[in-house]
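> Here are the chains, one letter per residue:
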Amino acid sequence: MEKFTRLTGVAAPLPMANVDTDMVIPKTYLKGTERTGLGKHLFAEMRFNQDGSEQPDFVLNRPAWRQAQILIAFENFGCGSSREHAPWALRDFGIRCVIAPSFADIFFNNCFKNGILPVVLPKAVCAQLIDDAQRGANATLTIDLETQELTRPDGERIAFEVEPSRRGRLLEGLDEIGATVAKADKIDSFEARLRRNQPWRATALAAPA
Amino acid sequence: MSGPRTLYDKIWDSHLVEENEDGTVLLYVDCHLVLEVTSPQAFEGLRAARRKVRRPLATIAVADHNVPTTDRSAGIADPLSRHQVETLERNVREFGVPYFSMADIRQGIVHVIGPEQGYTQPGMTVVCGDSHTATHGAFGALAFGIGTSQVEHVLATQTLIARRSQNMRVTVDGALSFGVTAKDLILALIGTIGTAGGTGHVIEYAGSAIRDLSMEGRMTVSNMSIEAGARAGLIAPDDVTFDYLRGRPQAPPAEAWDQAVAGWRMLPSDPGAAFDHEVALDAAAIAPQVTWGTSPQDVVAIGATVPDPADEADDTRRAAVARSLAYMGLQPGMKTTDIRIDKAFIGSCTNSRIEDLRAAASIVRGRRKAAHVEALIVPGSGLIKRQAEQEGLDRIFRDAGFEWREAGCSMCLAMNDDRLKPGERCASTSNRNFEGRQGYGGRTHLMSPAMAAAAAVSGHLVDVRDLMR
Ligand code: SF4
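Protein sequence lines correspond, in order, to chains X and L. Quick note, the first sequence lines up with residues 508 to 716 if you use my numbering. Quick note, the second sequence lines up with residues 2 to 470 if you use my numbering.
Errors might be hidden in some of the hints.
Derived PhoX-like pairs: lysine-lysine, alpha-carbon spacing no greater than 25 Å straight-line [unchecked claim]:
| # | chain 1 | residue 1 | chain 2 | residue 2 |
| --- | --- | --- | --- | --- |
| 1 | L | K11 | X | K693 |
| 2 | X | K547 | X | K693 |
| 3 | X | K693 | L | K422 |
| 4 | X | K620 | L | K53 |
| 5 | X | K690 | L | K11 |
| 6 | L | K422 | X | K547 |
The hints are simulated quantities; they were obtained by calculation from the structure and are not laboratory data. Fair warning: this is a prediction, and the values are worked out from it, not measured in the lab.
Make a model of the complete structure from these sequences and hints.
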């Protein structure tokens with residue numbers, strides 16, 4: 508997994524609530540079998556016309572935000588489907604941090620697995636940051652996961668909080684699957700207990716052929 | 002002994018492989034459903050790390066999102082869809098995972114076939130790389146959607162790193178009125194608590210109106226837990242659950258049945274168990290529901306009018322309502338029954354089971370679809386399709402000018418060829434009305450199967466009760 512420590516970058520304002528994963532990456536682009544290459548389809552239906560030309564007003568098409576690394580929106584960001592294509596598309600575009608008053612559970616989780624930091628801040632603060640972000644390239648934000656502080660363009664610091672375990676994993680870029688595979692003994696004994704207590708599940712618990 | 006526990010507590014406690022100080026746990030996964038869209042990168046990851054699937058027989062794979070619902074003898078025309086399905090087929094062969102192919106009568110929407118085959122059982126943990134895994138909660142199984150990285154984690158270890166959710170109880174007492182269904186119940190709830198109302202929670206649905214539902218109805222309710230923002234839904238298992246399960250291919254065998262049921266009877270929440278939040282709804286007050294906007298919480302009783310953004314006090318909300326109405330091509334204050342439709346879609350993991358098809362057929366019988374409407378019936382599985390045909394439902398639909406299709410997700414998310422054209426308006430029994438969900442520029446109104454059937458024959462949204470009298 509990719510690490511996240513500290514980031515200074517341009518923030519794109521997306522002053523909408525309930526930005527769903529269908530908006531982030533429309534299903535037309537879910538047919539791939541790779542994790543990469545989705546950035547060009549990020550927000551496709553808002554970013555492009557049907558003929559493929561750009562919608563000039565969409566924030567990520569405007570010169571100031573084409574290189575944005577941070578996204579700021581309102582409540583319930585990432586609601587909808589469980590598609591991890593949403594964080595893959597964000598990451599592939601170059602977004603490393605999303606700031607919102609609240610996130611949908613699965614999306615929130617998926618971010619951490621892909622080196623993206625979702626930051627929860629009160630709505631009023633998000634509104635302020637959106638105002639900052641409207642100023643484009645002159646208004647970079649710094650997000651420091653070590654100190655859990657965000658620095659506004661005027662230098663003001665805002666504290667945010669990330670659960671310690673998630674923060675640790677992101678700072679380290681931990682291989683979670685490898686770490687769990689190493690606990691095979693514990694899983695074995697759990698399954699042994701299941702076999703005893705729920706004998707009708709013998710088939711499902713059979714070893715691979 | 003610990004104090005009184007909820008159904009959620011009991012399932013959670015019995016699946017802990019390891020508890021960590023930071024509040025995360027290693028949670029054992031009993032059943033893992035795999036589909037073509039969210040698994041290729043996970044299998045690729047396994048291959049790269051030279052890992053195996055730990056419990057292939059606790060895993061079941063099916064292609065549902067991408068499959069055509071028209072004649073399948075020629076395979077899948079779209080090269081990308083075909084590649085994704087072929088990739089799944091290669092992966093299940095290589096890793097030894099059971100698979101229902103497109104040619105298998107048991108194929109269908111993953112959340113329909115899991116219960117239908119008896120994979121989903123009370124007290125289990127069930128995961129799938131799809132948010133509507135919440136459906137399986139209807140059996141008193143803790144079932145939730147996961148991302149592809151987690152799919153890989155479960156394939157490799159049969160566990161998941163998880164964190165306990167908060168527990169909400171939604172009690173719906175009383176009886177649903179004539180013409181009101183499980184779909185109306187869950188839409189009304191989402192209208193009440195909002196699409197973020199359940200965030201961070203697992204919702205247990207309780208009360209007499211829930212107990213009175215069939216398994217099909219309970220699945221419809223639990224399915225849309227995710228639209229209420231919840232991580233999962235749960236309904237206490239009871240005789241309705243056990244009767245549904247008995248004799249299904251993966252259900253406990255006859256000699257172990259009584260033992261299994263005895264265990265399942267211990268699962269319901271203990272009297273006095275504490276919930277973090279409680280919500281109550283009066284079943285009798287619920288009327289047939291329709292959505293008017295682009296979020297499932299944008300819902301009103303049929304007969305009500307489309308809201309006016311000017312009435313919204315909150316700025317974000319006012320902008321959202323205005324944006325929704327512009328997208329949906331609706332005027333503030335217009336009657337929902339004046340909304341004319343172009344298409345009707347009866348299907349999806351929310352409403353494609355036999356009972357849903359019967360409900361729709363009961364409205365369609367002896368009528369014809371409106372001339373300008375295209376109507377599509379997409380059963381949730383090959384077995385449901387066959388049963389409906391044995392009951393003659395397909396004839397009722399075909400005679401009325403409806404299309405009768407093969408099983409799959411179809412126009413629920415329009416990844417195959419079934420989709421709305423820009424500006425087209427659809428009465429749909431699915432679960433999401435997001436912008437572009439059923440096709441670029443398409444407009445979705447969510448409702449029950451009977452309501453969608455009524456709209457198809459009327460040509461506009463209508464109160465199904467007017468056609469039932
Ligand atoms: S029917 Fe729709 S919601 Fe259900 S699994 Fe398929 S695409 Fe998802």
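> So, for every hint listed, does it hold in this structure?
Verification of the hints:
1. L/K11 <-> X/K693: Given that 25 Å is the threshold and the Cα spacing comes to 20 Å, the pair holds.
2. X/K547 <-> X/K693: Violated, at roughly 43 Å.
3. X/K693 <-> L/K422: Judged against 25 Å, a Cα distance of about 53 Å means the pair is violated.
4. X/K620 <-> L/K53: 21 Å, holds
5. X/K690 <-> L/K11: 24 Å, holds
6. L/K422 <-> X/K547: 23 Å, holds
Violation of the numbered hints given earlier is confined to hints 2 and 3; the remaining hints are satisfied by the structure.
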